[in-house]
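A.B. asks: Knowing the structure of chain W, use the given hints to seat chain H on it.
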Amino acid sequence: MLSHTRFAVLLIGLCGLSSGAEPNADEWTRLTQQARGQTVYFQAWGGDVALNAHLQWVALQVKTRFAIDLNHIKLADTSTAVSRLIAEVDAGNREAGSADLLWINGENFALLKQRQLLFGPWAEQQPNFALVEADRFPEMRRDFGVPTNGLESPWTRSQLIFYYDSERIASPPRSMPALLNWAREHPAEFTYPRPPAFLGTTFLKQAFIELAILEFGPETLTALAAPVDEQFAALTEPLWAFLDALHPHLLRGGRHFPQTGAQLNAALYDRETSLAFAFNPNEVVSAIARGDLAPATKSYVMTAGTLSNVSFVAIPVNAPNKAGAMIVANYLLSPEAQFRAAVNPRLASQPVLPFERFDAEQRAALDAAARAPGSLPAAELARTLAEPHPSWTTALEREWVRRYSGGGR
Amino acid sequence: MIPRLARALSFRNLSLRDLLLLALTAPLLAGSVLAFLPALSAESSRQVFSDLLDAPGIVSSALLSLSAALATAAASLSIVLLFLAATQGNRVGRVVAKLTAPILAVPHAAAALGLALLLAPSGFLSRGIALIAGWDTPPDYLFVNHPNGAALILGLIVKEAPFLLLVCLAALPNLDAPRRVALARSLGYAPAKAWLLTVTPALYRQIRLPLFAVLVFASSTVDVALVLGPSLPPTLSVRILDWFTAPTLGARELAAAAAMLQLAVSLISLAIWIGVETLARTLYLYAIRRGAPQRIHHSHYTNLTLNGLGRMLLPTALLVTGGGLLGLGVASIAGDWRYPLVLPADWTAGHWIAAQQNLFVPARNALTIALGAVVAGMVITLLLLESQNRQKRHDGRLIWLLYLPLLIPQVVFLSGMVFMAEWLGLSPSVFLVACGHLLFVLPYLYLTLSGAYANLDPRWEALAATLGASRSRRFWRVRLPLLSVPLITAAMLGLVISLSLYLPTQLLGAGRVPTLTTEAIALVSAGSRGAVGTWALLQTALPTLCFMLALLAPNLFWKRRKGMTRGIQ
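First to last, the sequence lines map onto chains W and H. The numbering of the first sequence is the working numbering, which starts it at 7 and goes up by one. The numbering of the second sequence is the working numbering, which starts it at 9 and goes up by one.
Worth flagging that the hints you see were computed from the coordinates, not collected in a lab. Using N, Cα and C, we set each Cβ at its ideal position, and we do this for glycine too. Check before you lean on any hint, since a few could be wrong.
Said to hold, decoys possible - Selected chain W positions facing chain H (Cβ under 7 Å, derived; list incomplete):
1. Ala102
2. Leu117
3. Arg258
4. Pro379
As the list claims (entries may be wrong) - The following residues of chain W were derived to be distant from chain H, with all beta-carbon distances above 10 Å:
5. Arg163
6. Thr228
7. Glu243
8. Tyr410
With the rest of the complex left out, here is chain W (with noise of 0.2 Å):
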């Protein structure tokens, strides 16, 4: 345990440190000290069986190099994590928190940053971060466009794709409106989680994203990078249409929606519906490895482009075992963790480091790996669509749970 004079020693120095500064390697090398024998709590979506296995080797790991015990607490949703500090600290807990270690992203993340929740900055002084060429891909630095102010550290990258069983139909809807259409035609062949279940929520903000600029023409995204405002209810219009449009066609006539992507998944496999999405490119290649998916599964992206972004992990401002919460996430972010969780099919994380950050060993398997069965191209991957603001994910659940959360159906 680290004593509390030496640990504010430690902040002092770290904090010291202006934003964006080369590494401290003396510093770090203390901080690796620091962390020895401590045991950190990562509280972290615990609904991947192949990530919690992935977090129990990085465990490992972290135990035989730094003397770190790494206890991976699997949440159910990000939320209840979000909502136990937020209570912990109201209650005066600024010492004693129960995580060390978070999981966050896009309105989690505004909503602790702007409570001052968050410890550091600490991220950019991480040794490993340089591997991330920050300023080459600047969404390392932001949350869905909230600057992360070297309060987060990356650790993995997401895109929404779509993906359909090949066996029955031959051509998927590639634009929100096309998928009406399909709907149409194909009554109860698809679905989609219930806001402000995240994976609902991405699909609501991409039917949102691609709907307005039909309507309102590209330079809609401006307005989408800035805090929702009056305009709402004048862009969101066209989503509301679509969707009261889309719901009498959806399994279950829309009068139950599905929580999570597994149960996405349980559906296309067992042919209840015929199309599915996820927030992961290569959920198709490792579902197909797990079992969960057929293999006449294919992936594709929509002609507009889809959603993507990058994961974070930050430490809690009460967190107690701080350095070690910062050895854990510096060694998620080593070439051989980032390579570990990539390679593996049943996981097929996709990487924020740059390919030519791994050895030629390292590229050969991942080059391997990007053919395996249901892999989606890297042109393809290409189009993306920026998040919006959080404040616009806020708002969207809100108005998804007021319109039709009631049953009134």
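C.D. replies: Same frame as chain W, but now just chain H:
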């Protein structure tokens, strides 16, 4: 030490026992009040409540919780009474009762998952029909998660009916049912009707409290509602949890206001039930005053119907749960099992191998918490019972406080307890969770043991006293050994309850104290069918083991004293 403490409690100061009860109840009451606080202390509580009433579908949510409670309690009670009336302790009845015990050990969530696996459009039943009807895609029907809550109620009945049956079986020996029935039959009533008319009134009085617990539980369950309940809108309890864990501004206040509504809904369900009791009493009196039916022919058909329903319904409920578990078992080792395959095309041990790497900590936590809560609960229960025993009084003015955790919905007071623990600086730990479990285990320990304690023939201790045994010697050497069988049964029941608790573990442990139950529920929405099946069975395994031990323990324990295994009264 226990007798000495007990003596101190009972002799010198009568109110010490009451103080103990109050101390046990304090966290609960404080938790309830604290849970309401965010709504009451908000800048404008009126605004919070009007926001709650404006929440889409809130009335449907509340009505759903209310109807689920009433329907579950009414159906479970009817099923159990009909079964008892139709079998009256015959061979079939005894066999079914034996099968009921292990079903009781199946956690609610696992039973619900099994039921969903049977009845969903891509479930077992549908696959069976597909085989005959030649379907190649599942039909699009909504039963599981239907807004009318039918699947939710069914999922509750298959668990609550076995619970009520065991409660009834425990109460029946004191009611002299055969002689009551014999008397009624001599007046011309058919057997089943005779049982219903003469035994039910006496039995009902004894099972009222457990029945109330069923009402409250059904009105506020979270785990069953998550699996089988509707989503547009969900039950009130699920919405409270959603709001409680939502990080958005104002959600906590809404959760607090909804918790008050939940308490009101549970209390209203009790009030309606008590109203129906009055009505039922009148009907009973009317039926009895009318006397035995004169037309034997008519009565014959009534009797056949009663017998048929009685023999069919409860075994069906057990079969559904058993079949669900079997389905989960198949799912856990299924490789390719695409619709419309009735059985998997190939098999795999992958899910079990993956689970086994994650098993140790959740299993250790679950056992530590359960053992801690049961041992502490046992000590407290014995203290309370022994002090009552020595005072020769069984009224215990405040003993009802012990039952509060069964009568106040968990989702109401737990959020307040989390806040209180936070405020006291108690960080989430196995210890804190075990303390929370203690509150839920205690009422069952007390319920199970108080009857046996009171019924133990006082002459045994009197005899020991004449042989010069001291109070404490009599307690340790006579009373406890004579009560060993009920003690073991109670302990096992306590373990089963603790092992299945979800909400207290999740909330008090802040997710940092994973148990088999929390791991299983975390996978419910996110995991694949195979992972869900594996963890649901793992979650079921420990409590089932406890139940088996409870059944076997008396024989192992008293291997050389056969008389003890029958339980001396």
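A.B. asks: Hints first: check each against the structure and report whether it holds.
C.D. replies: Results of checking the hints against the structure:
no., hint, verdict
1, Ala102, "6 Å, holds"
2, Leu117, "6 Å, holds"
3, Arg258, "5 Å, holds"
4, Pro379, "15 Å, violated"
5, Arg163, "20 Å, holds"
6, Thr228, "26 Å, holds"
7, Glu243, "20 Å, holds"
8, Tyr410, "7 Å, violated"
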